[in-house]
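**Student:** For this one, chain A is given, so just place chain B on it according to the hints.
Protein chains: 2
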Amino acid sequence: MAEKAFQEYYPDVLAHCYGCGRLNEHGHQIKSYWAGEESVCRFTPAPHHIAVPGYVYGGMLASLIDCHGTGTAAAAAYRAEGRDMASQPPLRFLTASLRVEYVKPTPLGVTLEIRGKVKEAKGRKVVIEEWIVANGVVTVRGEVVAVQVPEQMLDDLVT
Amino acid sequence: MAEKAFQEYYPDVLAHCYGCGRLNEHGHQIKSYWAGEESVCRFTPAPHHIAVPGYVYGGMLASLIDCHGTGTAAAAAYRAEGRDMASQPPLRFLTASLRVEYVKPTPLGVTLEIRGKVKEAKGRKVVIEEWIVANGVVTVRGEVVAVQVPEQMLDDLVT
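Listed in order, the protein sequences are those of chains A and B. Heads up, the final residue of the first sequence is numbered 159 in the numbering used here, and it's a clean run with no missing numbers. Heads up, the final residue of the second sequence is numbered 159 in the numbering used here, and it's a clean run with no missing numbers.
Certain hints may be false.
As the list makes no split between identical chains, a pair holds if one copy fits it or if it spans any two.
Simulated crosslink set (PhoX-like; lysine-lysine; CA at most 25 Å straight-line) [to be verified]:
#, residue 1, residue 2
1, K119, K104
2, K104, K4
3, K125, K31
4, K104, K125
5, K119, K4
6, K4, K31
7, K104, K122
8, K31, K119
9, K31, K117
10, K117, K4
It should be emphasised that the hints constitute simulated quantities derived from the structure, not laboratory data.
Just chain A, same shape as in the assembly (with noise of 0.2 Å):
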């Protein structure tokens, strides 16, 4: 696919997150992205990924939810200001808060499709609405309350 991931846009200093990171070579490195109004991200979850035999942990899947959930937050900060991912500066936000509702054991083996969108915006605060889907069946619901990154913090960040 030509196209970018959002985590692709993220500068070298904020690439290493464990969910999302692609510079994090222990991690998941997930990629997100847009599907019209809403953000996708697949992902196969590994075998040792498991919670009981034949499924997905939580904790993976709260994971999922939580780096789709801040990238498309990203995502749709640039789209509202009619920004290409590439200009600067940078807009990143972190999980002020995830929700995580189990609606079905999630199987293991196959690949996972991550589904977000934009609930609300407002000022520095994105709600993302998200959802798993497995085998063409939702089995997770979720939401992540995604925060801008101060200009402060970036700023110490980067330099």
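**Tutor:** For chain B alone, kept in the frame of chain A given last:
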């Protein structure tokens, strides 16, 4: 410590969880204990469990809340029945929902203390209130709604 952790009583078939399974060599293998009416788990995230430089990845913190919560729910269920955790049949809980509030950034490089207590117990549902302490400061607050694994599901897994 001579005392066994909650997770050391899980039957083998249920001891593969990435967060708390003692048999998952790739996982976190967290260990939870009673401390009076509260439960406690100590865990030191690895350097690669990073969010932004200096701070712990939110998905890891959600994972700790998740597994310490289901462990505490199980231990509380045995306590409520006046049973030893080694007694049969095993009582195990799965997460129905998870809520995590990131109150402050959680510093990387220190041992975290995850604490929990039963907020509500009603039939097969147990609600665990939790908080994470780093350097004496509460950085995360969370809640897990845990539901007892149905006997039939346990039987299917065990046999």
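**Student:** If a hint holds in the structure, say so; if it does not, say that too.
**Tutor:** A quick look at each hint next to the structure:
1. K119 with K104: both (23 Å within a copy, 24 Å between copies)
2. K104 with K4: Cα proximity of K104 and K4: none, with 32 Å in one copy and 32 Å across.
3. K125 with K31: within (22 Å within a copy, 35 Å between copies)
4. K104 with K125: So K104 and K125 pass the 25 Å test across copies only (16 Å; inside, 30 Å).
5. K119 with K4: within (24 Å within a copy, 45 Å between copies)
6. K4 with K31: Cα proximity of K4 and K31: one copy only (9 Å, versus 40 Å across).
7. K104 with K122: Answer is between; shortest inter-copy Cα gap is 21 Å, intra-copy 32 Å.
8. K31 with K119: Close inside one copy (21 Å), not across copies (37 Å); limit 25 Å.
9. K31 with K117: within (15 Å within a copy, 36 Å between copies)
10. K117 with K4: Only inside one copy: K117 and K4 sit 19 Å apart there, 44 Å across copies, limit 25 Å.
This entry does not satisfy hint 2, going by the numbered hints stated previously; all others are met.
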